[in-house]
Amino acid sequence: MLDCGVELGPFTLAYQTYGRLNADKSNAILVCHALTGDQFVAETHPVTGKPGWWSLMVGPGLALDTDRYFVICINVLGGCMGTTGPKSINPASGEPWALDLPVITLGDMVRAQKLLIDHLGIDKLFCVTGGSMGGMQVLQWAASYPEKVFAAIPIATAARHTAQNIAFHEVGRQAIMADLDWCGGRYLAEGRNPDRGLAVARMTAHITYLSEPALHRKFGRRLQDRKGLTFGFDADFQVESYLRHQGASFVQRFDANSYLYITRAMDYFDLAEEFGGKLANAFRSTPVRFCVISFSSDWLFPTAENRDVVHALNAAAADVSFVEIESDAGHDAFLLDEPEFRDTLCGFLNGCAEHRGLSFP
Amino acid sequence: MSPLDNPSATQAAALRSDLALIAGMVEPGARVLDIGCSDGALLDHLARHRQVVGRGMELSQRNVNACVARGLSVIQGDADTDLGDYPSDAFDYAILSLTLQATRDPRQVLEQMARIGRHAIVSFPNFGHWRVRLHLAFRGRMPVTDSIPEAWYETPNIHFCTIRDFTDLCHACGMEIEETLVLGGDRLQSGLGGGRLANLLGEKAIFRLKKD
Numbered sequence: 001m002l003d004c005g006v007e008l009g010p011f012t013l014a015y016q017t018y019g020r021l022n023a024d025k026s027n028a029i030l031v032c033h034a035l036t037g038d039q040f041v042a043e044t045h046p047v048t049g050k051p052g053w054w055s056l057m058v059g060p061g062l063a064l065d066t067d068r069y070f071v072i073c074i075n076v077l078g079g080c081m082g083t084t085g086p087k088s089i090n091p092a093s094g095e096p097w098a099l100d101l102p103v104i105t106l107g108d109m110v111r112a113q114k115l116l117i118d119h120l121g122i123d124k125l126f127c128v129t130g131g132s133m134g135g136m137q138v139l140q141w142a143a144s145y146p147e148k149v150f151a152a153i154p155i156a157t158a159a160r161h162t163a164q165n166i167a168f169h170e171v172g173r174q175a176i177m178a179d180l181d182w183c184g185g186r187y188l189a190e191g192r193n194p195d196r197g198l199a200v201a202r203m204t205a206h207i208t209y210l211s212e213p214a215l216h217r218k219f220g221r222r223l224q225d226r227k228g229l230t231f232g233f234d235a236d237f238q239v240e241s242y243l244r245h246q247g248a249s250f251v252q253r254f255d256a257n258s259y260l261y262i263t264r265a266m267d268y269f270d271l272a273e274e275f276g277g278k279l280a281n282a283f284r285s286t287p288v289r290f291c292v293i294s295f296s297s298d299w300l301f302p303t304a305e306n307r308d309v310v311h312a313l314n315a316a317a318a319d320v321s322f323v324e325i326e327s328d329a330g331h332d333a334f335l336l337d338e339p340e341f342r343d344t345l346c347g348f349l350n351g352c353a354e355h356r357g358l359s360f361p
Numbered sequence: 001m002s003p004l005d006n007p008s009a010t011q012a013a014a015l016r017s018d019l020a021l022i023a024g025m026v027e028p029g030a031r032v033l034d035i036g037c038s039d040g041a042l043l044d045h046l047a048r049h050r051q052v053v054g055r056g057m058e059l060s061q062r063n064v065n066a067c068v069a070r071g072l073s074v075i076q077g078d079a080d081t082d083l084g085d086y087p088s089d090a091f092d093y094a095i096l097s098l099t100l101q102a103t104r105d106p107r108q109v110l111e112q113m114a115r116i117g118r119h120a121i122v123s124f125p126n127f128g129h130w131r132v133r134l135h136l137a138f139r140g141r142m143p144v145t146d147s148i149p150e151a152w153y154e155t156p157n158i159h160f161c162t163i164r165d166f167t168d169l170c171h172a173c174g175m176e177i178e179e180t181l182v183l184g185g186d187r188l189q190s191g192l193g194g195g196r197l198a199n200l201l202g203e204k205a206i207f208r209l210k211k212d
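So the sequences go chain by chain: A and B. Using the numbering used here, read the first sequence as starting at 1 and increasing by one per residue. Using the numbering used here, read the second sequence as starting at 1 and increasing by one per residue.
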């Protein structure tokens, strides 16, 4: 049963795992992916051929050390990499769900993940972590299933989606829906694809993942393969060319309707509302050990939003650490291997492993 | 187990003397909030040797990151503004070591500590120490000593007090003084009590307090 009151089932969850589950199943780390991420955390992506989105952090000897931990990542409900989403076939019609798929929430995504974790026979996850929308899922996990989570690392996230972030999402959705190839959402049945709309949505969103200093450092006002301005509307600047490339490659791997559904899920996320308007109530007498991490140049999920989570956890007398990492890479910093970020993850996980009584060969 | 068998013994030995005295005031297994926990030395010691459940708050992000990287539960925060987030009686001890004099509103910080913890442990450099008095009396200048190392214009310490001043504040806040320790140099000066003699001879003071 979904939050919107509609029953969905049966549904499929696609997931990947790395490392080995130990005998008492106490070393499992659930990694929750972000809006346009997927379950291919630490391996070559089957569509793009590029390294997994967190391959700098997940792997043997890395911060999430797969020699020690069993790492699981599940494509979210509403996604487009194998989990049931708008491009999956609706058994009632035999056609893709498109907009007939009920609206999904973060709570729905996490409830679905919980079914899989139960299915794997894991009674308690050692850790749940993720950045951005992944961090929202971490908070939802800790609030919904505190007894199933030993440690939680919400990264570059918030307990509610802000008006500004809803606004950016709305621009993206409007770009998709304004594309004539979107066909009221039925583009798959019509044999078309709203590539231009989805690319514009991605370009807009991509700007919000970076920062002015990062853009300046990467591109400045440098021109793209030309000596001077063309006095036209071609991509004169490197930054334009970069964004166009980002948009064009994104449409190869992502479904436009999934983008609508998942952005909507983030917009609807407001953890406090679920708990009588007071965020601290979501964590009342929680046994979970938290480590909240933000990045100094992230203006999409700024430190202040992360700090609100910390304040609520303090008010609930929770065991919480909070680290702001100095970085000019903007929101996307959580995907990079900043040494301070890695040290924080390693230190926190090691401390938790000690408390959990995990020993490693 | 003898201290030599204990792998952490060297760390214990390295703990600053005032922190070691504070550690001695904490009941094993207690819940502790260390406000201004710096690099986490006291929290780490308390966790390893007294099995406390420890949390830290620290102003410097660099220090916070170092604490978390060594496995401690620490957040970045300001004693003046962020103690209000904690629920009442959440801890057995709220500790403030050599930080009170750097807060904007020491009275409010002390009251918050009394609210959050069953006990408060506060240490501070004593402005009533004879060397400080001589400095001011004979040189006519703001004292710069071992425990007060910065010049007036660059010191983060904006609210100096003497042991007697602090005692008055404790009474004004309705707090009972359970124990007073006085340090001269790095050594505990026993038998000075917490009165005029301590105020003259103590370079630093450590108070363990309880709500009346």
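Think of the hints as simulated: they come from the structure by calculation, not from any bench. Ideal Cβ placement from N, Cα and C applies to all residues, glycine included. There's no promise every hint is true.
Interface residues of chain A toward chain B, partial, derived using beta-carbon atoms under 10 angstroms [to be verified]:
(1) Lys278
(2) Ala280
(3) Ala315
(4) Leu349
(5) Asn350
(6) Gly351
(7) His355
(8) Leu358
Just so you have them, the derived chain A footprint on chain B, three or more residues with Cβ under 8 angstroms [said to hold, decoys possible]:
(9) 59 to 70
(10) 95 to 103
Each hint tested on the structure:
1. Lys278: With a closest approach of 12 angstroms, the A:Lys278 hint is violated.
2. Ala280: Hint on A:Ala280: holds, closest Cβ of chain B at ~8 angstroms, below 10 angstroms.
3. Ala315: 5 angstroms, holds
4. Leu349: 9 angstroms, holds
5. Asn350: Holds. Min distance 6 angstroms.
6. Gly351: With a minimum Cβ separation of about 3 angstroms from chain B (threshold 10 angstroms), the hint on A:Gly351 holds.
7. His355: 9 angstroms, holds
8. Leu358: It is violated, given that the least Cβ distance between A:Leu358 and chain B is near 13 angstroms, above 10 angstroms.
9. 59 to 70: Held - the stretch 59 to 70 of chain B has 7 residues with a Cβ nearer than 8 angstroms to chain A, which meets the minimum of three.
10. 95 to 103: Since three or more residues must qualify, the claim that chain A covers the stretch 95 to 103 of chain B is violated, with 0 doing so at under 8 angstroms.
When the structure is compared with the earlier hints, violations turn up for hints 1, 8, 10 and for no others.
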